[in-house]
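Visitor: Note that the protein sequences, when read in sequence, are chains A and B. Quick note: the first sequence, position 8, residue 555 per the numbering used here, numbers continuous. Quick note: the second sequence, position 586, residue 621 per the numbering used here, numbers continuous.
These are computed hints drawn from the structure, not numbers from a lab. One or more of the hints may lead you astray.
[To be verified] Simulated restraints, written as ranges between beta carbons of each label pair:
| hint | chain 1 | residue 1 | chain 2 | residue 2 | range |
| --- | --- | --- | --- | --- | --- |
| 1 | A | Glu629 | B | Pro110 | 51 to 59 Å |
| 2 | A | His676 | B | Arg472 | 24 to 32 Å |
| 3 | B | Leu83 | A | Glu563 | 48 to 56 Å |
[To be verified] A few chain B positions that, by computed beta-carbon distances, are all more than 12 Å from chain A:
| hint | residue |
| --- | --- |
| 4 | Arg63 |
| 5 | Ser155 |
| 6 | Glu162 |
| 7 | Val236 |
| 8 | Gly518 |
| 9 | Lys541 |
| 10 | Pro627 |
| 11 | Met723 |
Where is the CB? At the ideal position from N, CA and C, for every residue including glycine.
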Amino acid sequence: MSETRTIRFTLNGRSESVAIQPHWNLVELLHHFGLTGARESCGQGLCGVCTVLVDDVAVSGCLYLAVRVDGKKITTVEHLDEGGTLSPVQQAFIECGAFQCGFCTPGFVLMTHQLLARNPDPSDDEIRHYLSGNLCRCAAYPEIVEAVKLAAKLQKQAR
Amino acid sequence: MSQMGRSIPRLEARSKVTGRAEYVHNMRVPGMLTAKIFRSTVAHGRILSIDAEEARGMEGVYAVVTGEDVRKIIPNPYFGPAFHDQPILALDKVRYVGEAVAAVLASDPHIAEAAVQTISAEYEELEPVFDEVEATLPNSPIVHDELKPAGTFADLKHLAGRKNTNIALDYQLRRGDVDKAFAAAVHVFEHEFRTQHVLHVPLESHASLAIPGEGTLTLHTSSQTPSFVRMEIARLLGWPENRVHVKVPFLGGGYGAKVYVKVEPLAVALALIVRRPVKVALTMEEQFYTITKHPVTFRIKSGVDKDGRITARKCDVYWNGGAYADIGPRVAQKTGFTAPGPYDIDNVSIDSYEVYTNRPPAGALRGFGVPQLVWAYESHTDLIARELGLDPVEYRRKNILRDGRPHATGTIMKDAGIDAVLDRIAERMNWSVAIDRGTGRIKRGRGIGIGFKASISPTTSGAIVNVSADGSVVIFTNTIDMGQGSDTAMAQLAAEVLNIDAEKVKVVHGDTDAAPYDMGTLGSRSTFHMGNAVKLAAEDARDKLVALAAEVGLPAGTNYDVQELFRKRYGMRAGNIVGVGSYVPSYTPPDPKTGQSANVTPFWMVGGAGAEVEVDTETGHVRVTKLVNVADGGKIINPKIARTQISGGAIMQLGFTLTERMEFDGGQVTNASFADYKIPGFRDVPPMESELIAANQENGPFGAKGIGESATFGVSPAIANAIHDAVGVRLTSLPIKAEAVLRALRAAQGNPLAEDEE
Chain A
548 MSETRTIRFT
558 LNGRSESVAI
568 QPHWNLVELL
578 HHFGLTGARE
588 SCGQGLCGVC
598 TVLVDDVAVS
608 GCLYLAVRVD
618 GKKITTVEHL
628 DEGGTLSPVQ
638 QAFIECGAFQ
648 CGFCTPGFVL
658 MTHQLLARNP
668 DPSDDEIRHY
678 LSGNLCRCAA
688 YPEIVEAVKL
698 AAKLQKQAR
Chain B
36 MSQMGRSIPR
46 LEARSKVTGR
56 AEYVHNMRVP
66 GMLTAKIFRS
76 TVAHGRILSI
86 DAEEARGMEG
96 VYAVVTGEDV
106 RKIIPNPYFG
116 PAFHDQPILA
126 LDKVRYVGEA
136 VAAVLASDPH
146 IAEAAVQTIS
156 AEYEELEPVF
166 DEVEATLPNS
176 PIVHDELKPA
186 GTFADLKHLA
196 GRKNTNIALD
206 YQLRRGDVDK
216 AFAAAVHVFE
226 HEFRTQHVLH
236 VPLESHASLA
246 IPGEGTLTLH
256 TSSQTPSFVR
266 MEIARLLGWP
276 ENRVHVKVPF
286 LGGGYGAKVY
296 VKVEPLAVAL
306 ALIVRRPVKV
316 ALTMEEQFYT
326 ITKHPVTFRI
336 KSGVDKDGRI
346 TARKCDVYWN
356 GGAYADIGPR
366 VAQKTGFTAP
376 GPYDIDNVSI
386 DSYEVYTNRP
396 PAGALRGFGV
406 PQLVWAYESH
416 TDLIARELGL
426 DPVEYRRKNI
436 LRDGRPHATG
446 TIMKDAGIDA
456 VLDRIAERMN
466 WSVAIDRGTG
476 RIKRGRGIGI
486 GFKASISPTT
496 SGAIVNVSAD
506 GSVVIFTNTI
516 DMGQGSDTAM
526 AQLAAEVLNI
536 DAEKVKVVHG
546 DTDAAPYDMG
556 TLGSRSTFHM
566 GNAVKLAAED
576 ARDKLVALAA
586 EVGLPAGTNY
596 DVQELFRKRY
606 GMRAGNIVGV
616 GSYVPSYTPP
626 DPKTGQSANV
636 TPFWMVGGAG
646 AEVEVDTETG
656 HVRVTKLVNV
666 ADGGKIINPK
676 IARTQISGGA
686 IMQLGFTLTE
696 RMEFDGGQVT
706 NASFADYKIP
716 GFRDVPPMES
726 ELIAANQENG
736 PFGAKGIGES
746 ATFGVSPAIA
756 NAIHDAVGVR
766 LTSLPIKAEA
776 VLRALRAAQG
786 NPLAEDEE
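Extracted from the complex, chain B is given alone in its bound form (with noise of 0.2 Å):
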């Protein structure tokens, strides 16, 4: 039977359901000391003196360490992935309230949590800067006094010792001649468009438990990237890698929270510096302080001419990368190359700035950047359309970019079912049919948006695929499953090789003395590449158990049971095939001047929304009464589960759309709790469809690729087009609370509230 498309439960149902699944935030060992950790109250500053007298003189408290004496054990303790400007704690300067400057250990976490309390610091404080366009002013408080590029990517090596700016990456892409386009459009639109700050809030904050050995390191922590955990680690310590062994059971919950270091350097530090096992689990509240999404302003212009075609787009995008870099600086390039949309388009000009700001650092949440594009480019489109009188569909129908067509980096499109995604959410919204309007103070309207991602290139991934006497099989990799289904993809991916059901299959994953190298679990890649490499070695085994038939004396082609395989070949039962695979897609870097490049991406992903909405006249109040999934996921492996990626990720944006944003006052996160900061609940899920169109990815494992993302494209700007189509109001900024509609609602009668007239 084939194990493509069978919606088999998790292999790990059973113990997800029973609560016996692992996670590190469980983890505790003999001997072991838990951090707490004292942070900045400043946004900018000087370390003057630290004062942590009364809490090492509490009683249970086994030791108060501070960034010089990690400096001690760590002589260059700055990580990060772009970046090596972090410091494992603070050094001479804080860059943003939260970060983290002192941390105390005992066994018992509430002495350790008490002691915390009686750290004060003194700080020269420096004037912050908070905004991402205000921070590329000549006049800006500098946040770093010299970019320190890691050199891990070689696209960054260029920033190397410059001084005096914010901007951590200025990427640039050129195609065509916009002005000359420009200069000849015949309507010209530009539009400036805003994201909020807000988090991943995975249920199980970041946690990492570090065990020293002698002169190695065990190291479980729930990390998205065991492989480079132990990269950053080793090279921190200036040890070789096989003296740090990264374990990763489950997660709690990702969504690029948990991608490359976060806690594990701090972790790793402080369980060298005492010698004894340390955890470093944070709290709900220090996740606001930990990891975020980028806030963006987007400011887009469009050239259309008079058939409606868009025939120039100028995208300047500035992202809000907070105080340390993180894997920000790929953001602004990655994603910044999609920013003109999946529109055919000949001169077409990006700049996409990475700016270090005085807020909590910001990285990568589930699209890396691409909502907060599409939320732009698609009202943009839009408004175009509202302009023109022109329907939405048709609009976008006209203008899309389709297979055979170059992109903006001149890579042709292939496998990309953007106008097939389109085509089924015009379909599922019954587009052709008008809506009721709606009567009374309650107005009616519906919108549609549409998105695309590239796969983050070059990466690749390894894996290990073990046949024992028996004829059981193991895979090792270091895929991590964070509730995406990985774990069951990849036994289903491997189980079709070897003919074999795919339950029967057991997954060994984050595990880095067994399993080989993986660029990470993030940007949706792990079904493409892990899955191109499962597959790989899958093959290999298969083709040594051929080869093993052979050498016992079986005729080819010959049905033979694998047990008896290995007892005629070992005289009893013993022995193992080993399978190893190894995949590295095909990848053109792209012109640093001008973005071009024939093979910027090994796929893309696509997908995009459609919301019908309910708008309260009086109060501003929105109610999303349908919301349509649809996305591009090529071959679906296990057609459940992939379902759940789709409405997860739909609900996931809905409250990065409607009620999410981290409040500040002054640098300082106000409202960094459950209580205050809504994450989408029950009683939030519009009624929802989701769909997979069926497609093939020419290149992925028997033609599937990655989803986890896609869904996450279109929910802001349908919602803002269908509110616009409802009320005639346009909202340029997210959340779209009732406030800002009533705002809205109210100015476009001219009558706004009292403090928003001029």
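Isolated chain A (complex conformation) (with noise of 0.2 Å):
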């Protein structure tokens, strides 16, 4: 369709280098490297479920070009369990049961480490203020609440 381009970038802790089309998006890029945790369901950056993090910094992947990436940090949910130990975020998600069929849980498990690295303790309201970007069409989000709480406690205890 049109000629490729290469990229360098950090995924998930390693370096790359790999020749994409201009027109990918960042999901389509990791699928390339098997990373399926990202996924495209409404493609307009609505719901929430291709979140990764850029730069520590939460996109949607479904509208980010690949092509921006070039010299940047990506971390996406497969990263967060590294080592075998799952995240307090990931433990407080399973503890609390915060999700149903667990398509869009990637997306609020990386959104819910991005709120605490800002804010530690945040409140019922800022919880659901800082992921209302973030859909759930199973609607666990009462114990998605309990979740982030709970997460917010772990992370303090890790410290």
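Make one complex out of these two single chains by using the hints.
Guide: Shown next, in the form of structure tokens:
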């Protein structure tokens, strides 16, 4: 369709270099590496299912062109249990039963990581506000609030 | 330790929080082509020509396929669970905007998509019909020339060959003498209620990956019904079932969107035409053209005696099934017979019509039509209570259908905690204490709604429980875990029988080559039907282990080590035990004329809601300040997972009540995206309480039964009833948006909005 372009970036702590098509989005780039935790759902940046961290900032992978990660650091949900230990956020999501079908869960988990990095002790209202860009059709919203609060507690204990 | 009532995390919890859970959406195989679909732009028309020349010539396009190409390899390419009416790609006619007309195949999905944009088609436009009542009138355009029931369901066979009608099923029930009862009634009430067009929108859209072999086929698909998919694909191809292997990993949501067959026939046809693996994965927009929930018009009339007892009820229900029947005729019947509601009424008449229109097809959506009915009959019940000056809770208690009393079908109610659910809602709403009615522009009110549902019958489930020589256990089942937690529930049931920890059980789900037949993961039937099958299979395995113990000479009742048992038998770590279980509940088909049956369902689901609302009388804005959800789920296997089903179901129904509506312009959906179709987000969840009452389902596995739909029943009428309580206006259509409330308020004040004036 069009000419490829080679980009370099850090993916979950490893340096990578790959030839991509310039119209690829970030989700397609990740699928190229077998990483499927970020999934395209609404395709409009409205549901948060495709959430990926680029230089530690959450972006919608379905709207973010892959060429833009050239020289940047990408973190996906698959990186959070590096070494085989779940992050406190992941543990809390399991403990609180904060998901059903699990399709949206990686997006919620990554957003919660970012929230707690910026606000280690969020109120219920701050949690709801911060996560309002992520949709869950199974509507595990009440359990997600509980999970975020538990994650905050677990993180504090870990420090 | 008993495994029942344990809130263990889902078996697959870890794979879901790490993003590693498998969905068809993510699957790719070497050599795979992606299909993109060219869709109809007219609601009703004859296909004159399809011009795909440019697409065929584009670099990277592997093939363009039309309905005529499909017909070459599948001579009768019409599919569907109730009717064989839906072509794999449109043939001769198109019947709704968005119907699949042609498919482009390419390795690169972007190329396929670009090629689709170059295709055009010419149609001879025919007059469309969109409204479910208009479509039943004598001069309506006809969507299908002839009715083509599938033959799968005995109760649809009489429709074969009917012509010149859009009524795909006319179900009726007659009990007592309704005319006489109305004539004798002291009060007669009659209302009409409507519901809007909505849809499921699971975040994982439908996806199927078909891989052709040599005279065989493997199909990975996001389906709630792998056994049915195998049967239907085998039927279309004229193959024996054993040549079709259907596999289903986890689903990214289902809610009924993925029952029976949807995109599977297209994926299979394309793969067989090009003899390469083909993936059909819909976009979010395409879900709006695939399967929806029936809009309904429900005319309900009740006769009431001097004491407030309902003596007669007449129900006329029109289901807008869209262009293809899907499972709609079964909705009209299986749900239709609950239209009078959970009330004890001696004289009942029901007419329930499944109607073809030129809208996208409608099928099953969490509740199988029950939420539309409860919306109407619980709004109606509230209006009667108000008119008679009676408290809505007391009024319901006076008329409620209790265990031991006959339902409208004649079936005697059993293990249906309708009165118990009503009582708990009233308690949690603190109903005996008056609420603050609000001041100024903000007015407050409260309301309740309660409903019930029959399970689908007659259906069957089979399961296998394997015990390996190391004592580890695998369950093979075609029940699909789409988020409801069925893997975990089945593990707990088997573990209860085998006296092991549920966490140690593995569940293989969705594999038609490995697991026995199951009718489908739908209608809240799995916990009951598959649960019973798994329990039977586990008991069979347990009995065989006991027999093995006897065989190797262990005295009866010995607390033996399973590993030791196998070692003794085989002289080494070898062998296994296979337990099989199959469950078919008893059932008596209803009389086709009267709908009467002594045994119409193996169990009843019961759910209700109470709502408190604030209405802004200047803007019409409604805020739900409290939502109480109560259901009867029998004995609860896993309380934590069960509660998320209750709160999740209620929130989903809240969207269908307040914000969701597919907008149409001449058959064209105009809001087919999350930008314009508003599903509940974090900010839309009201303060909620969810409860499962203590109950027991006598014929359920360890007393359990299904709960996946029960929380959807009462939400919509509870909110409408609360709005009426707050501001004295009655909404009779969903959704209840601020605009509708404001129009009603202004009309009630004798000051209607300009465009509402006569």
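Visitor: The output says Gly518 (chain B) does not contact chain A. Does that hold with a beta carbon cutoff of 12 Å?
Guide: violated, 3 Å
Visitor: Minimum C-beta separation from Arg63 (chain B) to chain A exceeding 12 Å: can you confirm that?
Guide: violated, 8 Å
Visitor: Ser155 (chain B) clear of chain A by more than 12 Å, beta carbon to beta carbon?
Guide: holds, 22 Å
Visitor: Has the hinted range 48 to 56 Å been met by the Cβ atoms of Leu83 (chain B) and Glu563 (chain A)?
Guide: holds, 52 Å
Visitor: If I take the minimum Cβ distance from Glu162 (chain B) to any residue of chain A, is it greater than 12 Å?
Guide: holds, 34 Å
Visitor: 24 to 32 Å was suggested as the range; check whether the CB atoms of His676 (chain A) and Arg472 (chain B) agree with it.
Guide: holds, 31 Å
Visitor: Lys541 (chain B) clear of chain A by more than 12 Å, beta carbon to beta carbon?
Guide: The claim stands: Lys541 (chain B) keeps its Cβ more than 12 Å from every Cβ of chain A (closest is about 18 Å).
Visitor: Verify the CB-CB distance for Glu629 (chain A) and Pro110 (chain B) against the hinted window 51 to 59 Å.
Guide: holds, 55 Å
Visitor: Just checking, Met723 (chain B) versus chain A, shortest CB gap more than 12 Å?
Guide: Violated, because the least Cβ-Cβ distance between Met723 (chain B) and chain A comes to about 7 Å, which does not exceed 12 Å.
Visitor: Evaluate the condition: distance from the CB of Pro627 (chain B) to the nearest CB of chain A exceeds 12 Å.
Guide: holds, 38 Å
Visitor: In terms of Cβ atoms, is chain A entirely out of 12 Å range of Val236 (chain B)?
Guide: violated, 6 Å
Hint compliance for this structure: hints 4, 7, 8 and 11 are not met, and every other hint is.
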